[in-house]
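Trainee: Sequence:
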Amino acid sequence: MIGGQVRETSVAKHILVVNDTQEILELFEDILTDEGYEVTLYSFAIRELEQVRKAKPDLIILDYLMNGEDAGWQTLQKLKMTTDLSNIPIVVCTAASQRIKEMEGHLKEMGVTVVLKPFNIEQLTDAVSTMLGQGEGISPTHKSSVEERSVAGLRD
4 MIGGQVRETS VAKHILVVND TQEILELFED ILTDEGYEVT LYSFAIRELE
54 QVRKAKPDLI ILDYLMNGED AGWQTLQKLK MTTDLSNIPI VVCTAASQRI
104 KEMEGHLKEM GVTVVLKPFN IEQLTDAVST MLGQGEGISP THKSSVEERS
154 VAGLRD
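The sequence shown runs 4 to 159 under the working numbering.
Hints listed in this document are in silico derivations from the structure and should not be mistaken for laboratory results.
From a predicted model like this one, the values you see are computed outputs, not experimental measurements.
Careful: at least some of the hints might be erroneous.
[To be verified] No more than 27 Å apart at the CA atoms, straight line, and that leaves these computed lysine-lysine pairs for BS3-like:
id: 1; residue 1: Lys16; residue 2: Lys83
id: 2; residue 1: Lys104; residue 2: Lys120
id: 3; residue 1: Lys81; residue 2: Lys57
id: 4; residue 1: Lys111; residue 2: Lys16
id: 5; residue 1: Lys111; residue 2: Lys59
id: 6; residue 1: Lys59; residue 2: Lys83
id: 7; residue 1: Lys104; residue 2: Lys83
id: 8; residue 1: Lys16; residue 2: Lys59
id: 9; residue 1: Lys111; residue 2: Lys81
id: 10; residue 1: Lys104; residue 2: Lys81
id: 11; residue 1: Lys111; residue 2: Lys83
id: 12; residue 1: Lys59; residue 2: Lys81
id: 13; residue 1: Lys57; residue 2: Lys83
id: 14; residue 1: Lys16; residue 2: Lys57
id: 15; residue 1: Lys16; residue 2: Lys120
id: 16; residue 1: Lys16; residue 2: Lys81
id: 17; residue 1: Lys120; residue 2: Lys83
id: 18; residue 1: Lys81; residue 2: Lys120
[Stated by the list, open to error] Beta-carbon label-pair distances, calculated as ranges:
id: 19; residue 1: Val14; residue 2: Gln101; range: 35 to 45 Å
id: 20; residue 1: Thr86; residue 2: Gln25; range: 27 to 37 Å
id: 21; residue 1: Arg56; residue 2: Leu135; range: 11 to 21 Å
Backbone N, C-alpha and C fix where the C-beta goes; we use that ideal spot for every residue, glycine too.
Turn these sequences into a full structure, and let the hints guide you.
Mentor: What follows is the structure in structure tokens.
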């Protein structure tokens with residue numbers, strides 16, 4: 004408290020983004036840092052859960068397919084079955100719509116949100132803010148600064 008007033012301090016939420024495409028990682032970094040998030044990028048599948056423990060993310064954005072394999076799905080299962088990591092919210096972001104459709108029931112049970120590529124910036128930021136319990140996503144002022152970089156042409 005300063006001078007009789009409560010001073011609010013907020014610590015930026017930390018997001019871990021896992022994707023095997025550098026261009027997509029850079030786009031996520033631009034979008035999410037413009038929104039005020041702290042971002043850590045992994046350009047490979049998480050093989051050791053210790054990597055996640057060290058990063059201490061508030062949320063993970065995970066690609067379903069990496070290097071043509073279901074590495075994202077395997078990582079998701081490991082995370083959800085590991086007691087100290089199972090409560091980290093996860094957004095799966097992928098172009099693998101058929102596979103996601105097949106796994107829809109499992110994903111719902113795990114509390115995972117899916118954003119299908121191609122997506123617009125608002126879909127991503129709304130999913131992130133909802134999973135972090137922050138309500139609505141991207142603000143109009145930030146939207147204009149990043150919308151020239153579209154994800155519409157990017158696929159797994």
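Trainee: Does each hint hold? Answer for all of them.
Mentor: Hint-by-hint comparison with the structure:
1. The hinted pair formed by Lys16 and Lys83 meets the criterion: a straight-line CA distance of about 20 Å does not exceed 27 Å.
2. Of the pairs offered as hints, the one joining Lys104 and Lys120 holds, with about 14 Å between alpha carbons and a cut-off of 27 Å not exceeded.
3. Simply put, Lys81 and Lys57 have alpha-carbon atoms about 16 Å apart, close enough for the 27 Å limit, and the pair holds.
4. For a cut-off of 27 Å, the pair hint linking Lys111 to Lys16 stands: about 24 Å separates their Cα positions.
5. Between Lys111 and Lys59 the CA atoms are separated by roughly 24 Å; this keeps the pair inside 27 Å, and the hint holds.
6. Our distance criterion of 27 Å between C-alpha atoms is met by Lys59 and Lys83, whose separation comes to about 15 Å.
7. Distance restraint check for Lys104 and Lys83: the Cα-Cα separation of roughly 19 Å lies within the 27 Å cut-off, and the hinted pair is therefore satisfied.
8. For a cut-off of 27 Å, the pair hint linking Lys16 to Lys59 stands: about 10 Å separates their Cα positions.
9. Note on Lys111 and Lys81: the hinted pairing holds, with a Cα-Cα distance of about 16 Å set against a maximum of 27 Å.
10. Under the criterion of a C-alpha separation no larger than 27 Å, the hint pairing Lys104 with Lys81 is consistent with the structure, at around 20 Å.
11. As the CA atoms of Lys111 and Lys83 are separated by approximately 12 Å, the hinted pair is consistent with the 27 Å bound.
12. About 16 Å separates the Cα atoms of Lys59 and Lys81, which keeps this hinted pair within 27 Å; it holds.
13. Of the supplied pair hints, the one linking Lys57 and Lys83 holds, its CA atoms being roughly 17 Å apart against a limit of 27 Å.
14. At roughly 15 Å between alpha-carbon atoms, Lys16 and Lys57 fall within 27 Å of each other, so this suggested pair holds.
15. For a cut-off of 27 Å, the pair hint linking Lys16 to Lys120 stands: about 24 Å separates their Cα positions.
16. With a C-alpha separation of about 23 Å, the suggested pair Lys16 and Lys81 falls inside the 27 Å cut-off, and the hint holds.
17. Between Lys120 and Lys83 the CA atoms are separated by roughly 23 Å; this keeps the pair inside 27 Å, and the hint holds.
18. For the given pair, Lys81 sits about 24 Å from Lys120 by alpha-carbon distance, which is consistent with the 27 Å threshold.
19. For the hinted restraint 35 to 45 Å between Val14 and Gln101, the CB-CB distance of approximately 39 Å keeps it satisfied.
20. Thr86 and Gln25 have their C-beta atoms about 33 Å apart, which keeps the hinted 27 to 37 Å range intact.
21. Judged by the Cβ atoms, the range 11 to 21 Å given for Arg56 and Leu135 holds: they are separated by roughly 19 Å.
Hint compliance for this structure: every hint is met.
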